[in-house]
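Participant: Below are the chains, spelled out letter by letter.
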Amino acid sequence: MGAISLKYKSKSGNLTAPGDVDPGAMIPIATVLVGVGGQSSITFSSIPSTYTHLQIRLFARSTAANVAGGVTLQFNGDTTGSNYYSHYIQADGSSVASGPNANASIHYDISGVNANASVFGAMIFDVLDYSNTNKNKTSRVLGGIDNNGGGRINLTSGLWSSTSAITSIALAPFSGNFAQHTHAALYGIKRAGA
Amino acid sequence: MPLPSTMTPIATATLTSSASTVAFTSIPSTYTDLMLVLTGKYTGVDDSSPALRFNGDSSSNYSTTYLNGSAGSATSARESNGNTIYVGSMSGDQSTSIAHILNYSNATTYKTVLSRGGHTTYRVRAYVGVWRATPQTITRIDVYGNGVYNFDVGTTLTLYGIKAA
Chain A
1 MGAISLKYKS KSGNLTAPGD VDPGAMIPIA TVLVGVGGQS SITFSSIPST YTHLQIRLFA
61 RSTAANVAGG VTLQFNGDTT GSNYYSHYIQ ADGSSVASGP NANASIHYDI SGVNANASVF
121 GAMIFDVLDY SNTNKNKTSR VLGGIDNNGG GRINLTSGLW SSTSAITSIA LAPFSGNFAQ
181 HTHAALYGIK RAGA
Chain B
1 MPLPSTMTPI ATATLTSSAS TVAFTSIPST YTDLMLVLTG KYTGVDDSSP ALRFNGDSSS
61 NYSTTYLNGS AGSATSARES NGNTIYVGSM SGDQSTSIAH ILNYSNATTY KTVLSRGGHT
121 TYRVRAYVGV WRATPQTITR IDVYGNGVYN FDVGTTLTLY GIKAA
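Protein sequence lines correspond, in order, to chains A and B.
Counted the way the working numbering counts, the first sequence spans residues 1 to 194.
Counted the way the working numbering counts, the second sequence spans residues 1 to 165.
Calculated from the structure, these hints are not laboratory results.
Don't take each hint at face value.
[Said to hold, decoys possible] Heads up, simulated SDA-like pairs for lysine to any residue below, C-alpha to C-alpha not over 25 Å straight-line: (1) B:K163 <-> A:A102; (2) B:K41 <-> B:I98; (3) B:K163 <-> A:G176; (4) B:K163 <-> A:L33; (5) A:K190 <-> A:D129; (6) B:K163 <-> A:R191.
Between the sequences and the hints, there should be enough to build the whole structure, so can you do that?
Facilitator: Set out below in structure tokens:
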């Protein structure tokens, strides 16, 4: 068996002067940890336009009466359903389903109260070219929950029909609230030379 | 002053001899998520997935659900009460798998793993798995091949830490 002792690997690369720090390309922007009592949604606001892409890493459980359920994704406070569209492919351990969610941006899955205690769903949202005012906005999501005999793994894509730069992102369970210990982290991803 | 970056490479293993397993030990608890990138192949042709075990726990505390695309069809299956979590995909040709372990250092919840992987000859897969041991920080990850063939020379595994704001 190959055993690897861990050594910290510096990312500094070619430094031009003592004290210089290579900031890297993936920058943490904000974090939300849901406390006692839960909360209905998580919103990242005042998102700077200085990155090229955004990523949200969500570890979540809802108060909905299900094992697995979706999360809605909305931008800049736009709650107009017809501005959104999403598609999914979803596997539940025995079958595969796919379909559209017209007039909605729904991505899957986080756990609900019917999942085993301490089981949380995980989702990674990528929003590319979020500040580009020449493009509608596309999201790509990998997510799922395994419940040891239940659960689903999903790939979804979403469209926001707007060329506005994204300055805020709101996440909410499709039903219920986010439960305590839900954790959402927003990251900015820079392009070369930025 | 630039914000501190994340996605820090913690350790890389590039195999100079074939190995049935690779272990990452003494993983620091200072990150939020871990990401494991695995590129390589087995020493023989066998269409199966690498698997992870945490903190040396070999009990039946793992389960995995996956989506599979191959040979013109999409299928799904699940393993419950297993002793590893399956991630990605590998065979005797070059393949790539990426596994995300979110909130690995919290001692409150079970650990959920998302992964994707594929190899050109056979298939593409997406997985979700859960480790249901008493909630604890992950300090060790053992990466297993398929039990028939080893990870081949040149297979590379890199563990990254991702730290939230």
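Participant: Evaluate each hint against the coordinates.
Facilitator: Here's how the hints hold up against the structure:
1. B:K163 <-> A:A102: With Cα atoms ~35 Å apart, K163 (chain B) and A102 (chain A) exceed 25 Å; violated.
2. B:K41 <-> B:I98: Holds, because 14 Å separates the two Cα atoms, which is no more than 25 Å.
3. B:K163 <-> A:G176: violated (28 Å)
4. B:K163 <-> A:L33: Distance ~14 Å between K163 (chain B) and L33 (chain A) Cα, so the pair holds.
5. A:K190 <-> A:D129: holds (10 Å)
6. B:K163 <-> A:R191: holds (19 Å)
Consistency note: the structure conflicts with the earlier hints numbered 1 and 3.
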